[in-house]
Each structure stands twice: as structure tokens, then as C-alpha cells.
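2 protein chains.
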Amino acid sequence: MKQIQTNASGAKQLLADWETAETADIEAIERQVSEMIATVRADGDTALHAYTEQFDGLTLPRFRVAQTEIDAAYAAVEPAFITALEHAQRNIVSYHEQQKRTSFMDTPASGIIRGQLIRPLEAVGVYVPGGTAAYPSSVLMNVIPAKIAGVPRIAMVTPPGKTGVNRYILAAAKIAGVDEVYALGGVQAIAALAYGTESVPAVDKIVGPGNMYVATAKKQVYGQVSIDMIAGPSEIVVIADEQANPRYIAADLLSQAEHDVRSRALLVTTSETLATAVTAEIERQLITLPRAAIAKAAIDSYGTAFIASSLTEAFAIVNAIAPEHLEVQVEGAFEYLPLIKHAGSIFLGAYASEPLGDYLAGPNHVLPTSGTARFFSGLNVDDFCKKSAYISYTKEALARDKDDVIYLATKEGLDAHARAIAIRFEEE
Amino acid sequence: MKQIQTNASGAKQLLADWETAETADIEAIERQVSEMIATVRADGDTALHAYTEQFDGLTLPRFRVAQTEIDAAYAAVEPAFITALEHAQRNIVSYHEQQKRTSFMDTPASGIIRGQLIRPLEAVGVYVPGGTAAYPSSVLMNVIPAKIAGVPRIAMVTPPGKTGVNRYILAAAKIAGVDEVYALGGVQAIAALAYGTESVPAVDKIVGPGNMYVATAKKQVYGQVSIDMIAGPSEIVVIADEQANPRYIAADLLSQAEHDVRSRALLVTTSETLATAVTAEIERQLITLPRAAIAKAAIDSYGTAFIASSLTEAFAIVNAIAPEHLEVQVEGAFEYLPLIKHAGSIFLGAYASEPLGDYLAGPNHVLPTSGTARFFSGLNVDDFCKKSAYISYTKEALARDKDDVIYLATKEGLDAHARAIAIRFEEE
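Protein chains in written order, with full-length UniProt numbering: chain A, 1 to 428; chain B, 1 to 428.
Keep in mind that a hint or two might mislead.
Treat identical chains as interchangeable: a pair holds within one or across any two.
Think about it this way: if two alpha-carbon atoms lie no more than 27 Å apart in a straight line, the pair counts; the simulated DSS-like pairs of lysine-lysine are [as the list claims (entries may be wrong)]:
no., residue 1, residue 2
1, LYS100, LYS162
2, LYS341, LYS100
3, LYS147, LYS100
4, LYS147, LYS395
5, LYS147, LYS341
The set of hints was computed from the structure by calculation and includes no laboratory data.
Let's have the full structure, built from the sequences with the hints guiding it.
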């Protein structure tokens, strides 16, 4: 792992340079994605079949996975898997229940009623990646907040493998309460969910992480439907002082590095001694890691220890990065919470290891990446709700307020606005 | 106004056809916008000056509007304007205060702390259109929810006119508490806010309505920053029964029609008699309307009365449209609220005229258009907040849960995730 003595602006510049290098070929991807979406929009299922053949090497009789197949997968997985996943589900539910909101109404003056209705979206699409590994935990994380919001139709799409959809994914879909499952991945899945085809009815919002093609497709259909966020490669930042345990830190950094060669595993510390010990531990632990090739490539490309001159400077570096996952392995971690301005999910203390949050603790693991924790939030119940305002005025209430409405409308040159109020007080 | 006997799917198809016709030339706009954003990103202020010269016909010494100029505008506007705007401000504040949320924390089991922090964004950009009319009311509607959220830096951009920025806009900015004002409009303003230039520091989120170029620019910078929504032309749907007043309805339809030749003013009714009376009233009221040319063009292109066979069918048509503004001019309006599934803002009864909501009632007037009320919400305090999750576990708490985490991580083939937990219970 590289060691750099730097400050917040130095760290920010380094991450910006990584982003720039990675987005160099984005235009070619954007064009390809745009063409694929247009084709699915025009040709529907025919296009879905053609792309599935091209990208997955499969000819499927239909995309919808039958309920009998889902039930069979649930029956076939180990009972221990069901037990563990249900444990995770209980924690995710009890955390996300706290995000639920109620509608409000007020009566600010005689004859006036105002309010805001909070209601679930009608149909949501959940993208669950297949790829190098299948993640049943992602099914829970995407679906549970939608269920708590009260979404009546949840459609899951996930890339089919040679032997069908992964059985653990299907079992998780049953546990989470998914309504429809489609064996469909990549750009074609996003296009189908956004515009609808003969066999995939359109949804109102698409959530869930995916690769660069999926992320680009989500951005392109934004406006036609809503989306959760645009996700990049996974990141972890560990901020640590000299008392932190280098073995734990190395293991946590590697847990993100094993996701993807583009994953960023970063350490911010005041202690060069710790940074050196973490680097040595990473080398040692890599030897016996099954996904060592991926993790090593990620560490070699991006693994960095930022050496800060003080803890204050260290937290400034963290805020400049605005990490997806932040571990605070500093003595008295909780006291530093006010210093953390931007982070998707925060893990406090030596035993709040990041994978605990990926699976079991309860907060969502679908989180903003690449510095977007400045303005995006982890997936949550609000993502599956919409708000409608309403007002009711009596004639007497409108009579009290009409002059100011008419005055302001006239000042804006909108005479028809003014007249709509005035006409209610004129003789016919 | 055209009269069509139709049902929900007929209404939906008609609106989809309008959208398709309007998006025909979107690709040329997308290309132009993309080039302009790239130029501002590369050349900063130089590009802003060049575009301001090209599109506004102005050579500005600087974009930032001086505080002295804002103070002078505030001093120069009529006291009645200040009074009316402060009346609006009080109502907008008292409504939006109810949207505020608090962070939560729970301790679900011994040794476990979990929570969610809700915090304001650090910097927000507000786009306030200039164009055919200047809208000080939009300044309040965009800025007040951000102030209530606690956003410390609010930067407003608005196209400069030949005699500088409209004084009413500047006075409204002072009343609302805007921190920085820039005389900058169009795509270049969005690009400057997203990427920053020498004189315009970047923000985290851009909100506010604009024309098709501004909307396209917002979509293209989404991901670099957050945005509120992608807004199209304004719409109003009035649902009415035979007892409704055709004069009021005609006036309300015209109030939206006067915004833009692309505005949609729609009536949904069970009464052909009412539809005919409203059409006659529109003709009559148009004669004396200052912005008759715009309103007439909008009515001629899009003004439609949908004749439904029953009130149930009428509400189904409304839901198929998912209108930005919905007026319910049906006897006992409140009782029908549960039938309304999708609408940005709902106006109940004969006296809740839509312009009342544009200016004074309190709910926001920045609302989802073009059917996007299915999944977008009107601008609100949540738009200016982000959420961070946090967890803390003791060693004992992790010991209780470790087996399920390790099991699930191993099932997903993520051995480094499993090891990050296991290593905390191994001898060194």
C-alpha cells in the first residue's frame, strides 16, 4: 500500500485524478448504452432475447422466473442459510422501520386545511448483480425498505447464469417478499424496467447497484423513471490512530478490495508506524485469500495510506473523500462523530467491522460511492415513497388572503393567475 | 378546447403522444448542452463570459451580484411587495417546518448502538428562471426548504437582463436569505454550479425549474451533483362534476396556460354541459388576457376536456395523467382524496384556486411534471438533507452475531469479508 503524507486538498485531488482516468472511455459506453435502450424500447422482448443471447450466451424460453422455481430454490438451500438470512432480515427490518414517516395536516387559520400525504410508489424494480459472485444479501437490502414503505409491486431483475438464476438469490427473493423475478441482466434489464416490454411491465423507480453499464443505463433512463443513485466501485476508508489493531484494519481493507479491481481501500492515520504495520499485514493476509488476485490488483492500483499531521487533519481528509464506508478505529470513536460531515455508513470502534454492516447490523449496504455521500444517502424507506401536498380554503379564508396573491401575481406579470383569484369575488 | 370521450388508457396514450412529439429533437439539444458543459468545465469563467455574450447579449465585468446591489434592490421595491412576500414566506415556512426530521438512534441489544444522522447539504445552487417573466415567488419556494434544512451556503443563479438582475428577484433573495447571487443563466449556470469556476464555487445539489436546455443540463450533471427533478412544461388538471363553476375552472386553466405555449390545461369531467361551458368561458376570458397569445397557443395545442363515464373513471384518468397540479372541484372534494394516487399538489374545492398555491398557501410550487408525480415529489426539506447510518458493537455483541455474518459472507464467496469478522476472535 502506498503511503502519502498529505492534507485534505491533496487527498481530494488524488481521488479526482482516479475518477478522471476512469471516465476517459465513458463516451463509448454512453453511446452503446443509449443504442441498447432505444432498441429495447422499440423492439421489446425481441431485443431482450437478442441481448441475452449476445451477453449471457443464453436462449431463454421466457424471462419471468416461475413461482415453482422460486419455491424449489427455497426448498433446496441449506436451512442454516435461511436461518442466517432471516436473522439479517429481522435486523434490517427493525432498523428501517425507524425511517417510516407519517403524513401531516395542519389548520393554520380558520377555513384553511393544508397537508402532505406520504405514499408508497406503485411499482419498483430492483437490480441484483450476478457477475463474479451472487449476493443474496443485496436482495434483502434493496427489497426490505420498499416493503416497509408499502410498495405493492416489487420486480427483481438479475442476470441468468448457465444453470438459471442462482438459488440463493431466489431464496432471498422469497424471504424478502419480491413479487416478480426476471432472469435478465445488464442494460437490457434497466431498459425493460424503465419502458416496459411484452413480458416485463414498466416500474416507477429502479434501485440497486450494478457495473458501469448498468449505472450508465440508470442515468439515461432517469426522468422516465426515478433511480436511487449512480453507483461506482466500492470504497472503504479506515481512520485510525496509533492504538488501532493493524490486523483488523488490514482485514477490513481487504474485505472491500476483494469486491473489484476498481475498489478503493484507503487508510487515513496520524501514525506512520500503524500504516507500515497495516501494509505488512495486507501482504501477509493476501497470501491465503481466495480472491487474492482481485484484492491485490485493487490494493496495487488504489490502496493508499494517507498520513495526516493531526487527527483534525485526518478527519478533514475523510470529509474530502466523503467515503461510502467509514471505519473509525480511533480511541473513543463516538466522540468524533460530530467531525464526520460526509459518509454513507459509519462504523465506530474496533469491533464494528464493515462486513457486519454488509450483512447483519441492519443499516442498508446500498450506499453512495465516489464522493457522492456529500449529497446522496444510503438506500432507505424514503426512496420508495412520494409526497403530495394538498390545500383546502373556504371562500372566507381566500377573501382574507386574496389581495396578496393578486398583488404578487400581477408583479410577476401573470395576470391570468391574478384573475383566477379575483374572479371568485366578482359578480357574474 | 377539444372534447374527448375517453378512459384512463386513452388519456395516457394521448399524453404519451404529446411527449413523443416534443422529445423528437432532444438529441440535438443533448449534444449542444453536453458540449457547453464540457467547455465550462475546461475553460471556467472564460466560457461563462463567452456564453453570456452569446445568449444574453451582455458583457458583464463579473457574475457575482454585490451585496450593495441586492440591498439597493430591496430598498427600491414597493413596501407592499415586501409585505406580500413576507406573508408568503410565513406560510411557506410554517408548512415546510412540518417536513423537518430528526436523527434516530436505537440500542437493539446489549453492546449494540445503531442510528441514522440527518444533516443538511453543505452547498446548494438554486436556478431561478428569467425569461418571459421574473418570478420572485420561485426564489422563496426554492430557498426556504433549504434554509429550514440548515444548508449553510445557498447560491442563486438567474439570467441577467439588459439592466441587470430583476430587482424583485434580488429583493426576494434578500428576504429568503440567499448567501450568493450570480447573474448567470442557462446551461452555463448549471455547468458552473456543478463543476465550479474561478468565480462560482461548486455546489452539492442544484434545484429549481428551467427551460428544456436547463433541464437537459441538470440531467447531464446528475451524479456529479444531485438535482431535485427534471421538470417539463407546467400542467393543471381540473376534475369537476356538473355543480362546478365554469368561470372559476376556465380562469384556473388559463392561469397555467399563460405560462408557456407548451403548458397543458386539462379538464376531466363527467359533464359534457360543464365542458362546453368551460370552453365558452375560456374563449370569453381570453379576449381580455394580457398574455392571451401564449395562453391561446397552449389551449389550442393541448387544451382538452376528457369526458368520463363516471367519477370513478374520471379519477382513473387523473391517475393516468399523474398531474403536477390537480384541482378537485367536485362536491365534497375531501372525500375523494383516497382516490388520488399520483399528483404533485392537490387543490380541494372551489376556492382552493391553483395560483393560491403558487404564491401563498405554503406548500411548494416546484412540482413534478409530465407524469413524474408517479415517483418524484414537490421540492421539500428532505431534498436538502442527507442521511448517514452508524453502528457500534462491542466485542461481546459481535461474538453473538459473528457466525451468521461469516456464514453469509462465505456463501457469497466473499472470504475476505468473513475473515474480517473471524480475525477479531483469533489469537495473533
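Hint by hint, here is what the structure shows:
{"no.": "1", "hint": "LYS100 - LYS162", "result": "neither (40 Å within a copy, 49 Å between copies)"}
{"no.": "2", "hint": "LYS341 - LYS100", "result": "both (24 Å within a copy, 19 Å between copies)"}
{"no.": "3", "hint": "LYS147 - LYS100", "result": "both (11 Å within a copy, 24 Å between copies)"}
{"no.": "4", "hint": "LYS147 - LYS395", "result": "neither (42 Å within a copy, 32 Å between copies)"}
{"no.": "5", "hint": "LYS147 - LYS341", "result": "between (30 Å within a copy, 18 Å between copies)"}
When each numbered hint is compared with the structure, violations occur for hints 1, 4.
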